[in-house]
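Colleague: Sequence:
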Amino acid sequence: MSNLDNIRNFAIIAHIDHGKSTIADRIIHRCGGLTEREMKEQVLDSMDIERERGITIKAQTVKLNYKSKDGKEYILNIIDTPGHVDFSYEVSRSLYACEGSILIVDSTQGVEAQTLANVYQALDTNHEIVPVLNKIDLPASDIDRTKKQIEDVIGIDTSLAVPCSGKTGEGIDEILEQIIANLPPPEGKKEELLKCLLVDSWYDSYLGVIILVRVIDGKLKKNMKIKMMSTNQEYIIEKVGVFTPKPKDISELNSGEIGFIITGIKNLSETKVGDTICDANKPIQKALPGFKPSKPVVFCGLFPVDSSEYQKLKDGLAKLKLNDSSFSYEPESSSALGLGFRCGFLGLLHLEIVTERLEREFDINLLTTTPGVVYKIHLNDGKIFDLQNPSSLPDPTLIKLIEEPWIKATIITPDQYLGSIIKLCQNKRGIQTNLSYSGNRAVLNYDIPLNEVVFDFNDRLKSMTSGYASFDYEITGHKEGNLVKLGILVNTEPVDALAMMVHKDFAQTIGREVCEKLKDLIPRHNFMIPVQAAIGGKIIARETIKGFKKDVLTKIHGGGALDRKRKLLEKQKKGKAKAKQFGKVEIPQEAFIGVLKINKN
Numbered sequence: 065m066s067n068l069d070n071i072r073n074f075a076i077i078a079h080i081d082h083g084k085s086t087i088a089d090r091i092i093h094r095c096g097g098l099t100e101r102e103m104k105e106q107v108l109d110s111m112d113i114e115r116e117r118g119i120t121i122k123a124q125t126v127k128l129n130y131k132s133k134d135g136k137e138y139i140l141n142i143i144d145t146p147g148h149v150d151f152s153y154e155v156s157r158s159l160y161a162c163e164g165s166i167l168i169v170d171s172t173q174g175v176e177a178q179t180l181a182n183v184y185q186a187l188d189t190n191h192e193i194v195p196v197l198n199k200i201d202l203p204a205s206d207i208d209r210t211k212k213q214i215e216d217v218i219g220i221d222t223s224l225a226v227p228c229s230g231k232t233g234e235g236i237d238e239i240l241e242q243i244i245a246n247l248p249p250p251e252g253k254k255e256e257l258l259k260c261l262l263v264d265s266w267y268d269s270y271l272g273v274i275i276l277v278r279v280i281d282g283k284l285k286k287n288m289k290i291k292m293m294s295t296n297q298e299y300i301i302e303k304v305g306v307f308t309p310k311p312k313d314i315s316e317l318n319s320g321e322i323g324f325i326i327t328g329i330k331n332l333s334e335t336k337v338g339d340t341i342c343d344a345n346k347p348i349q350k351a352l353p354g355f356k357p358s359k360p361v362v363f364c365g366l367f368p369v370d371s372s373e374y375q376k377l378k379d380g381l382a383k384l385k386l387n388d389s390s391f392s393y394e395p396e397s398s399s400a401l402g403l404g405f406r407c408g409f410l411g412l413l414h415l416e417i418v419t420e421r422l423e424r425e426f427d428i429n430l431l432t433t434t435p436g437v438v439y440k441i442h443l444n445d446g447k448i449f450d451l452q453n454p455s456s457l458p459d460p461t462l463i464k465l466i467e468e469p470w471i472k473a474t475i476i477t478p479d480q481y482l483g484s485i486i487k488l489c490q491n492k493r494g495i496q497t498n499l500s501y502s503g504n505r506a507v508l509n510y511d512i513p514l515n516e517v518v519f520d521f522n523d524r525l526k527s528m529t530s531g532y533a534s535f536d537y538e539i540t541g542h543k544e545g546n547l548v549k550l551g552i553l554v555n556t557e558p559v560d561a562l563a564m565m566v567h568k569d570f571a572q573t574i575g576r577e578v579c580e581k582l583k584d585l586i587p588r589h590n591f592m593i594p595v596q597a598a599i600g601g602k603i604i605a606r607e608t609i610k611g612f613k614k615d616v617l618t619k620i621h622g623g624g625a626l627d628r629k630r631k632l633l634e635k636q637k638k639g640k641a642k643a644k645q646f647g648k649v650e651i652p653q654e655a656f657i658g659v660l661k662i663n664k665n
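Numbers in the numbering used here are just positions in the sequence shown, counted from 1, shifted up by 64.
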């Protein structure tokens, strides 16, 4: 049975921790997707790291059969999406595969920043939205206030909003009935030529690449020959299936349905997310619009602490790339850290997740350099190029101007923290664009350079508001900035791993802080070590690590002692100068990590 009127494709969207995965669990349980014995908490969060951190990283799909109160049978295709800003590309492509969304709002917290971002994405994709008020079992729950907030801040009618509890299961039947009544069925024609959207793909070590598809028109069958329109490659379908949430083989996928296919592809780069799949024997002329590829915004160097683990790191990155197309890497070498890789991420949480997975799954000790963003460098001869690594900045005399990425930040906070948040944003070179109120909560909009945000902005925002403020951002474009490369020299040798791009006004303060930190963290040697911060050839800050002193005069006494003492001290001085000239300064890992943790203002 796959009459289009009986199918509902919908995504579950919400802010972090508002209960998406828990409500997905309850719906799966109610529709009999898994038995009582197979059920576990957050059944769709399959990675260990997702379960430990309590966050969703990869969007997951489930096909369920539901019998409504009037006795009709329906097919529900659910996509559980991540809530964190770093994984919003997962949300956007999940929305393209659906016609409607369930918007979950925590009735104790109300509307938060990521709630807004995800709702606007859903509305841009022309979704019908069913609001759901979760956590009504908690004493702090306030349904009327939350409804009013949704109407004031988002502008969605909440007269049909469903109060529920993901924990107790209360209200789940009402949510399912609302989905049937208010979300539209998919449009599509079974008789038309095959047209599919490639929603996601990941690598399985037994089956090769598994491709998640949404069939728009026509149908997909086993042994059918298909064509990827962006690459013009042709493949034969070996397997067609759906997730219930366990993988289940079926004979065909019809228009309006979501499922997976396996074609024996071994390389993930052949399956571009957002691509159109058609019948190789009856190709269509026009591809679907697809969606924008995710672009890395934060870059940093990853180096193995033990250089013999380089190959292990290389293999680990290649395997992670198979399941995460949004992550990029290329080889890089550093005089201080040896061989490693320059990696691109969608944000700091993405960076943290990837490094944690590398250390855990591949048993590698890693060192990460200062995270930085992509700058556009305009040279005097008219050329423009993207700069990811500050250490490869050309000579300043060749540069006409440097542009840095800016973001539009939305911060939602209880009123009492507003003053300190405005001060934080101003210190980060932010420009306020809007301030509005919903009850006792302020909604702040700021334009801020991304460079100022990737470092420690979210941590500081959470600590100064006791975790009550929420923050979301989208990249708006590049603007010219008065930026300089701050280089760090240890024993007159530049340490490229510590080079960073900073605003000229903050350069001296940051340079001084880095030098002071390194002075404490680099162990003393037998010779004096100068630690300097420089812009080009100009030293703007310096600290000195004193060398060990050996008393060479203790055994000297008797006649002519003064002369002999002077000679010995001269000899020691020459030895120290020679040691300084040829001595290698060992910079411990803690020193790099310590510098990364310096607050930038």
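Quick caveat, the hints were computed from the structure, so don't treat them as lab data. From the three backbone atoms N, C-alpha and C, an ideal C-beta is built for every residue, glycine too. The reader is advised that the hints may include incorrect statements.
Stated by the list, open to error - In silico BS3-like cross-links for lysine-lysine, where the CA-CA straight-line distance does not exceed 30 Å:
1. LYS336 with LYS383
2. LYS291 with LYS447
3. LYS303 with LYS212
4. LYS383 with LYS350
5. LYS472 with LYS568
6. LYS303 with LYS285
7. LYS346 with LYS330
8. LYS359 with LYS346
9. LYS487 with LYS543
10. LYS350 with LYS378
11. LYS378 with LYS440
12. LYS464 with LYS291
13. LYS286 with LYS350
14. LYS254 with LYS383
15. LYS359 with LYS472
16. LYS350 with LYS303
17. LYS312 with LYS291
18. LYS472 with LYS336
19. LYS359 with LYS131
20. LYS378 with LYS312
21. LYS330 with LYS131
22. LYS568 with LYS487
23. LYS543 with LYS472
24. LYS385 with LYS310
Stated by the list, open to error - Computed beta-carbon distance windows for the label pairs:
25. GLY600 with GLN480: 42 to 52 Å
26. LYS133 with ASP523: 41 to 51 Å
27. GLY402 with GLN572: 52 to 62 Å
28. GLU234 with GLY503: 18 to 28 Å
29. GLN480 with ASP69: 44 to 54 Å
30. ASP569 with ASN504: 55 to 65 Å
31. ASN509 with GLU234: 29 to 39 Å
32. ASP511 with GLN480: 47 to 57 Å
33. LEU224 with ASP511: 30 to 40 Å
34. LYS310 with GLN572: 29 to 39 Å
35. ASN509 with ARG209: 54 to 64 Å
36. LYS464 with GLN572: 51 to 61 Å
37. GLU580 with LEU224: 37 to 47 Å
38. LYS330 with THR232: 38 to 48 Å
Colleague: Next step is simple, just say for each hint if it's right about the structure.
Modeller: Now for the hints, and whether the structure bears them out:
1. Note on LYS336 and LYS383: the hinted pairing holds, with a Cα-Cα distance of about 17 Å set against a maximum of 30 Å.
2. Restraint check for LYS291 and LYS447: not satisfied, since their Cα atoms lie roughly 38 Å apart, outside the 30 Å limit.
3. At most 30 Å may separate the alpha-carbon atoms for a hinted pair to count; LYS303 and LYS212 exceed this at roughly 48 Å.
4. Under the criterion of a C-alpha separation no larger than 30 Å, the hint pairing LYS383 with LYS350 is inconsistent with the structure, at around 34 Å.
5. At most 30 Å may separate the alpha-carbon atoms for a hinted pair to count; LYS472 and LYS568 meet this at roughly 23 Å.
6. Of the supplied pair hints, the one linking LYS303 and LYS285 holds, its CA atoms being roughly 8 Å apart against a limit of 30 Å.
7. Distance check on the hinted pair: LYS346 and LYS330 sit about 25 Å apart at the alpha-carbon level, within 30 Å; holds.
8. A C-alpha spacing of about 33 Å is found between LYS359 and LYS346, which places the hinted pair above 30 Å, so the restraint is violated.
9. Distance hint between LYS487 and LYS543 is fulfilled; the C-alpha atoms sit about 22 Å from each other, no more than 30 Å.
10. For the suggested pair LYS350 and LYS378, the alpha carbons sit about 39 Å apart, so the restraint of at most 30 Å is broken.
11. For a cut-off of 30 Å, the pair hint linking LYS378 to LYS440 stands: about 28 Å separates their Cα positions.
12. Simply put, LYS464 and LYS291 have alpha-carbon atoms about 46 Å apart, too far for the 30 Å limit, and the pair is violated.
13. Restraint check for LYS286 and LYS350: the C-alpha separation of about 24 Å stays at or below 30 Å, so the hint holds.
14. The hinted pair formed by LYS254 and LYS383 fails the criterion: a straight-line CA distance of about 38 Å is larger than 30 Å.
15. With a CA separation close to 17 Å, the supplied pair LYS359 and LYS472 stays within the 30 Å bound.
16. Taking the CA atoms of LYS350 and LYS303, the gap is about 26 Å. The hint holds against a cut of 30 Å.
17. Our distance criterion of 30 Å between C-alpha atoms is met by LYS312 and LYS291, whose separation comes to about 24 Å.
18. Between LYS472 and LYS336, the direct Cα distance comes to roughly 28 Å. Compliance with the 30 Å bound is thereby established for this hinted pair.
19. Only pairs whose Cα atoms come within 30 Å are accepted, and LYS359 paired with LYS131 is rejected, the gap being roughly 42 Å.
20. With a C-alpha separation of about 34 Å, the suggested pairing of LYS378 with LYS312 is violated against the 30 Å cut-off.
21. As the CA atoms of LYS330 and LYS131 are separated by approximately 39 Å, the hinted pair breaks the 30 Å bound.
22. For the proposed pair LYS568 and LYS487, the alpha carbon gap of about 20 Å is at most 30 Å, so the pair holds.
23. Of the supplied pair hints, the one linking LYS543 and LYS472 holds, its CA atoms being roughly 13 Å apart against a limit of 30 Å.
24. Restraint check: the Cα-Cα separation between LYS385 and LYS310 comes to about 24 Å, which is no more than 30 Å; the hinted pair holds.
25. GLY600 and GLN480 have their C-beta atoms about 45 Å apart, which keeps the hinted 42 to 52 Å range intact.
26. Between LYS133 and ASP523 the C-beta distance comes to about 48 Å, which sits within the given range of 41 to 51 Å.
27. One distance hint, 52 to 62 Å for the beta-carbon pair GLY402 and GLN572, is violated here, with the actual separation near 31 Å.
28. A hinted range of 18 to 28 Å for the beta carbons of GLU234 and GLY503 is consistent with their spacing of about 25 Å.
29. Between GLN480 and ASP69 the beta carbons are some 51 Å apart, a value that agrees with the proposed interval 44 to 54 Å.
30. ASP569 and ASN504 have their C-beta atoms about 35 Å apart, which leaves the hinted 55 to 65 Å range violated.
31. Our hint of 29 to 39 Å for ASN509 and GLU234 holds, since their Cβ atoms are close to 36 Å apart.
32. At roughly 24 Å, the beta carbons of ASP511 and GLN480 sit outside the given window of 47 to 57 Å.
33. In this structure, LEU224 and ASP511 meet the distance hint of 30 to 40 Å, their C-beta atoms being roughly 36 Å apart.
34. In this structure the supplied range 29 to 39 Å is violated for LYS310 paired with GLN572, their Cβ-Cβ distance being about 60 Å.
35. With their beta carbons about 23 Å apart, ASN509 and ARG209 fall outside the hinted range of 54 to 64 Å.
36. Here the CB-CB span from LYS464 to GLN572 is close to 24 Å, at odds with the stated 51 to 61 Å.
37. Range check, GLU580 to LEU224: Cβ separation about 59 Å, and the 37 to 47 Å hint is violated.
38. At roughly 46 Å, the beta carbons of LYS330 and THR232 sit within the given window of 38 to 48 Å.
The structure does not agree with the numbered hints 2, 3, 4, 8, 10, 12, 14, 19, 20, 21, 27, 30, 32, 34, 35, 36, 37 stated previously, though it agrees with the rest.
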